[in-house]
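Visitor: Heads up: the sequence lines are chains B and D, in that order.
With the first letter of the first sequence counted as 1, position 41 gets the number 41 in the working numbering; the numbers rise by one all the way through.
With the first letter of the second sequence counted as 1, position 61 gets the number 61 in the working numbering; the numbers rise by one all the way through.
Calculated directly from the structure, the hints in this document are not laboratory data.
For glycine and all other residues, C-beta sits at the position ideal for the given N, C-alpha and C.
Mixed in with the good hints there might be a few duds.
Said to hold, decoys possible - A short list of chain D residues far from chain B (calculated; beta carbon distances all over 10 Å):
(1) Glu4
(2) Asn5
(3) Ala15
(4) Gly38
(5) Ser39
(6) Val40
(7) Thr42
(8) Lys61
(9) Ile84
(10) Leu111
(11) Ile117
(12) Leu125
Stated by the list, open to error - Distance condition first, Cα-Cα at most 30 Å in a straight line; then the derived DSBU-like pairs of lysine-lysine:
(13) B:Lys5 x D:Lys75
(14) B:Lys16 x B:Lys58
(15) D:Lys64 x D:Lys10
(16) D:Lys75 x D:Lys10
(17) B:Lys5 x B:Lys58
(18) B:Lys5 x D:Lys64
(19) D:Lys32 x D:Lys10
(20) B:Lys16 x D:Lys64
(21) D:Lys6 x D:Lys75
(22) B:Lys58 x B:Lys14
(23) B:Lys58 x D:Lys64
(24) D:Lys64 x D:Lys6
(25) D:Lys10 x D:Lys61
(26) D:Lys64 x B:Lys14
(27) B:Lys5 x B:Lys16
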Amino acid sequence: MTITKNRMREMREKRKVSQEGLAEALGVTRQTIISIEGGRYVPSLELALRAATYFRCKVEDLFGL
Amino acid sequence: MDMENKMMIKYGIAAAVILIGIAFETAGIGEKDFLGFGSVGTWLLFIGMVMVISTAIRGKKERKVDERMLHVAAKANRITFICIIVAAFIVMIIDGIRPIAVPYHLSMSYLVCGIMIAYLVSYRLLLRFN
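Hey, can you work out the whole structure from these sequences and the hints?
Guide: See the structure below:
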């Protein structure tokens, strides 16, 4: 299962945050961030909302079909 | 549950295993070769000591567990369950062809080791490649 639209890497690079830093901020492991960015893992609603709050954007700006 | 309580429970279980081992040894229960040990008591003492050492080595370090790890663990559980069914099926067929004569404690130890290996391997692989 993959989300076709995933702008997490783009948003992260725009904010100049490392994968480690983002993982720390979202309370997950770096491997989880790598999997989400690679489209191999679909985050839960809670994690998607946390990511959206962190990037100060809507969830649909980060993830979408 | 915080780490202090978890550690106390682990040490408590290890102490209980050691005490049961000592009791078995002094009472002379299970005086025969058991899983490579002289008796059930000595085996219990060994297991108890291993539990104490592993608990002490791991220490109070808090492990980070995120949702993906839980997701992978659920998948690894399913794979392990399928492995048990497949292995049981194979053993049944082999037993039908040529009866397998293995002591019950040995077959159970094989089963436990097999489950642990299947779970650990599938968990590590899924965590790495999923």
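Visitor: Determine for every hint whether it applies to the structure shown.
Guide: Status of each hint after checking the structure:
1. Glu4: holds (22 Å)
2. Asn5: holds (22 Å)
3. Ala15: holds (34 Å)
4. Gly38: holds (45 Å)
5. Ser39: holds (44 Å)
6. Val40: holds (41 Å)
7. Thr42: holds (41 Å)
8. Lys61: holds (15 Å)
9. Ile84: Holds, since 26 Å exceeds 10 Å.
10. Leu111: holds (31 Å)
11. Ile117: holds (22 Å)
12. Leu125: The claim stands: Leu125 of chain D keeps its Cβ more than 10 Å from every Cβ of chain B (closest is about 13 Å).
13. B:Lys5 x D:Lys75: With Cα atoms ~25 Å apart, Lys5 of chain B and Lys75 of chain D stay inside 30 Å; holds.
14. B:Lys16 x B:Lys58: Holds, at roughly 19 Å.
15. D:Lys64 x D:Lys10: holds (19 Å)
16. D:Lys75 x D:Lys10: holds (27 Å)
17. B:Lys5 x B:Lys58: holds (13 Å)
18. B:Lys5 x D:Lys64: Judged against 30 Å, a Cα distance of about 28 Å means the pair holds.
19. D:Lys32 x D:Lys10: Measuring from Cα to Cα gives roughly 28 Å; hence the hint holds.
20. B:Lys16 x D:Lys64: holds (24 Å)
21. D:Lys6 x D:Lys75: With a Cα-Cα distance of about 25 Å, the restraint between Lys6 of chain D and Lys75 of chain D holds, given a limit of 30 Å.
22. B:Lys58 x B:Lys14: holds (16 Å)
23. B:Lys58 x D:Lys64: holds (27 Å)
24. D:Lys64 x D:Lys6: Judged against 30 Å, a Cα distance of about 15 Å means the pair holds.
25. D:Lys10 x D:Lys61: holds (14 Å)
26. D:Lys64 x B:Lys14: holds (27 Å)
27. B:Lys5 x B:Lys16: holds (20 Å)
In the structure shown, no violation is registered for any of the earlier numbered hints.
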